[in-house]
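Each chain, written out:
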Amino acid sequence: MTTTTEAPAAAPEPQVRDRADVRRQVRLVITFAVVLAALVAFALLIEDPKFTYLLGEKRTAEFVPKDGNATYISWGAVAIAAAALVLAALDRFPRGWKGALLGVLVGLAFYAGFLMWAYTDQGEGGFQAFIANPIPGTIRIATPLVLGALAGCLCERAGVINIAIEAQFLSGAFFASVFSSVAYSSLVFIPVGLCAAFGLLGGVVAGVLIAAMLGWFALRYHVNQVVLGVVLVAFATGLTSFLLGQIPSEHKETLNDPQVLEKIEIPVLADIPVVGDALFNQTLLVYLMYASVALVSFLLFQTRWGLRVRAVGEHPKAADTVGIKVDRVRWQAVLLGGVFAGLGGAYYTVGSTGAFDREVSAGTGFIALAAVIMGRWHPVGATFAAVFFGFMWNLQNQLSFVQPVPGELLGAAPYLATIIAVAGFVGRVRPPAADGEPYVKG
Amino acid sequence: MKLEIKGLTKRFGSFTANDHIDLTVEPGEIHCLLGENGAGKSTLMNMLYGLLDPTEGEIVADGTPVTFATPGEAIDAGIGMVHQHFMLVPVFTVAENVMLGREQTRGAGVLDRRAASRLVRELSDRYGLAVDPDALVEDLPVGVQQRVEILKALANDAKVLILDEPTAVLTPQEIDELMGIMRGLKEQGTSIIFITHKLREVKAIGDRISVIRRGKVVGTAQPSASEAELAELMVGRSVQLTVDKAAPTAGDVVLEARHVSVVDPRGHLVVKDVSFEARGGEVLGIAGVQGNGQTELIKSLLGLVRPDAGQIFVEGRDISRHGPRQSLEEGIGYVPEDRSHDGFVGSFSVRENLVLDLFRNDEFSRGPVLRRDAIEANARHRIEEFDIRTETMETPVASLSGGNQQKVVVAREFSRPLKVLIASQPTRGVDVGSIEFIHKRIVAERDRGTAVIIVSTELDEIYALSDRIAVMYDGRIVGTVDPSIPREEIGLMMAGASTPAAANGGAA
Chain A
762 MTTTTEAPAA APEPQVRDRA DVRRQVRLVI TFAVVLAALV AFALLIEDPK FTYLLGEKRT
822 AEFVPKDGNA TYISWGAVAI AAAALVLAAL DRFPRGWKGA LLGVLVGLAF YAGFLMWAYT
882 DQGEGGFQAF IANPIPGTIR IATPLVLGAL AGCLCERAGV INIAIEAQFL SGAFFASVFS
942 SVAYSSLVFI PVGLCAAFGL LGGVVAGVLI AAMLGWFALR YHVNQVVLGV VLVAFATGLT
1002 SFLLGQIPSE HKETLNDPQV LEKIEIPVLA DIPVVGDALF NQTLLVYLMY ASVALVSFLL
1062 FQTRWGLRVR AVGEHPKAAD TVGIKVDRVR WQAVLLGGVF AGLGGAYYTV GSTGAFDREV
1122 SAGTGFIALA AVIMGRWHPV GATFAAVFFG FMWNLQNQLS FVQPVPGELL GAAPYLATII
1182 AVAGFVGRVR PPAADGEPYV KG
Chain R
357 MKLEIKGLTK RFGSFTANDH IDLTVEPGEI HCLLGENGAG KSTLMNMLYG LLDPTEGEIV
417 ADGTPVTFAT PGEAIDAGIG MVHQHFMLVP VFTVAENVML GREQTRGAGV LDRRAASRLV
477 RELSDRYGLA VDPDALVEDL PVGVQQRVEI LKALANDAKV LILDEPTAVL TPQEIDELMG
537 IMRGLKEQGT SIIFITHKLR EVKAIGDRIS VIRRGKVVGT AQPSASEAEL AELMVGRSVQ
597 LTVDKAAPTA GDVVLEARHV SVVDPRGHLV VKDVSFEARG GEVLGIAGVQ GNGQTELIKS
657 LLGLVRPDAG QIFVEGRDIS RHGPRQSLEE GIGYVPEDRS HDGFVGSFSV RENLVLDLFR
717 NDEFSRGPVL RRDAIEANAR HRIEEFDIRT ETMETPVASL SGGNQQKVVV AREFSRPLKV
777 LIASQPTRGV DVGSIEFIHK RIVAERDRGT AVIIVSTELD EIYALSDRIA VMYDGRIVGT
837 VDPSIPREEI GLMMAGASTP AAANGGAA
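Here the protein sequences line up with chains A and R, keeping their order. Count along the first sequence from 1, then add 761; that gives the number in our numbering. Count along the second sequence from 1, then add 356; that gives the number in our numbering.
Fair warning: there could be bad hints in the mix.
Stated by the list, open to error - Below are the EDC-like pairs computed for lysine to aspartate or glutamate, each with C-alpha atoms no more than 20 Å apart in a straight line:
{"id": "1", "chain 1": "A", "residue 1": "K1078", "chain 2": "R", "residue 2": "D409"}
{"id": "2", "chain 1": "R", "residue 1": "K796", "chain 2": "R", "residue 2": "D729"}
{"id": "3", "chain 1": "A", "residue 1": "K1078", "chain 2": "R", "residue 2": "E494"}
Please keep in mind that the hints were generated in silico from the structure rather than gathered at the bench.
Isolated chain A, as found in the complex:
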């Protein structure tokens, strides 16, 4: 007897189309039809196709506004959307990464078409708005999101749901500010240039402490992890607000007036046109963020430790039966996640504006959580999702000056764009199988 069994004699395969597959096609067709209609409308509504744009984020000596013509861009976007619609209608829309790429392309086309409509016809002599480079603002918003999402990936790959990213952000932001301020005002042995970096350490300590609370209750006492996460967020919100209120105004300089990280320019790379300055003239924290993405991907997928993390998140019993200590691995993943989330939190004080303020992270921890899921629990995917959210947020900020766009619509724009992007990223989202389940032996 050989080891394989014969396939049955070719019976005619009945032609039943998967219902989910049909739904996917319907979703794509509807989405692209809406996008196409909107783009055609944008293109037709433009009366004077002149607009101005800027390669930098602000008008400076280096970046001077230039003129452009919207006609080609608008109708090019229409052509891309039309092509995607035809492909979807004929059920020829590609799958996998090609489909994702095409989806992103349609999303960009929509963005371009929308911008053209928004920035043309500004009216003579009125307020002059120009399209600014979206990359610097995107990076600014995405940095903490990416770090938080990496923390989420690590925890959830190990099977611990981390809703408490927001809590880690808040406490990380607060203690980063405190550490940096104290270092500057009291710890004279720390050089001034390193005070801000010392603040990062404070963020890490706070993030790890919240992670330790998460681990303690989730792994030791098997508390429901969703409820636990929400409680931790409430705890961190209350605690940081309370502590902030306890700082007397005369001590504000010593406790909550941190040194802010300075920009470090990387030679050569920073000179790349359009993107260089935005990506490679940044603070230490942003470079740490880039490195973290690579590090977490490498750890999870190329190392022994990562294999074990993923094993305990998928099938803890299987890991246990080959001698892996499930809870120990989960602890490690949760605590390491705390490092990244704490760094993300530090961004809100020493990484950007300076002093801590009440709820300074404004719910972005939850957006990071959404990025984890949209990125399918993969650090690189989550990073792309976080960057996308950052991009949409930045767009919303930039567009608030522009005339034809009603403010209410603007608020909805990021979510609308999310839906369009997700239509391209079709595929079943599958979380780690044991996500959120405490492991009980026996």
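Please arrange chain R on chain A, whose structure you already have, making use of the hints.
Below, chain R alone, put in the same frame as chain A:
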């Protein structure tokens, strides 16, 4: 390695799962551990593998006493285990699963996947276990997954291999292959502990047989012992191995499936254009290895999933768009394959579970109010009629034994007038005494003129009950045959061959 178990005892509270068990496994021996479900076989093996701490007693390996606090220590001592429910991570490759816990690295904790693949290839060549090291485990058929489990143990240099109910998920051909593998391992000096409740298998492969009953070793036997002797030893009394039944008096077609197809939530077509008829007064057995579409087919008959194509008729009425409640009201009785998941509410009492799908009747409720007296009377009556062994009718069903839980489900389903009875794995995890009883009741239901559909992965059960056998493979019914056909032929069909005999079968 010579493995001795001396006076091993495990107590859970007042319950003694293993009572002073003595067992010796000689090097290069296939030692069969025979016992019913719940006899304590798995508890014993879990102690041997470091998953449970023994209450008393000791384990001796090659003359030195050993204790295993974790599976890791057991593995280091040379014990490998193939679990009944595979301990494989579905989204990992074969090589990743084999290396897990003993990872090959290139220093600094970086995985060396190539070395892992090479090891898998070497082992598969040496032991004749063909597996692609880079395939994802979830894409492999269960028979191959089991090979991966065996490879995992071998990669850790197992000298004693424990196989826990390894044949439950295999076709007869795959069982033959497994036995070939076991013989090969034995020749290379590996000792094997083979746990099963199937008499045929222990006779075919065992060097020595230990029989375990209610946590005690009640005797050892040679493979030459007759099946009846082994069964008596296992159950503790003489057992009737066949079911008495008269020739069927097949009536009209009651349930008919026409070109039914079902797509599962993952998007795979799992039931492919299945058509069959079930007649009153006849048992239609649906045979097949687990995971060949039986579960989804049955769910579609009951309205738990809607078929993506095709129709289902009961007495000529189309019920394909019915939900479960309408299907039950149509007169379909249903014994689900996973009773603790679909068959009862564990924390509810026996009394409540016995009316789970009947409480809407006028007999048991008046408007929104339940009639407690009628429900109690019903419970008393059913408990006696079906010989349900429970302390009181208020005992939660979860605390009953598997056999008695199943009797609760069967009793409830049989207490309505039925046109069709669908029983999926009706005796899985049920003791032999209860099996006899449930089989008798199913035959009695048939004799009352009900159309009975039995789904089972156990060929013995299919043969014992069926008047007609439909064999499913890969979502299709590959043939419908008479039970007089030899086992080997059905075995081939379960692996996908459509035999000439299929043409004789009638309604397929």
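### Task
Given the hint that A:K1078 pairs with R:E494, test it: the Cα-Cα distance must not exceed 20 Å.
holds (17 Å)
### Message
Tell me if the straight-line CA distance from R:K796 to R:D729 falls inside 20 Å.
### Response
Violated, at about 30 Å.
### Query
Is A:K1078 within 20 Å of R:D409, Cα to Cα?
Roughly 17 Å separates the two Cα atoms, so the pair holds.
In this structure, the one hint that does not hold is number 2.
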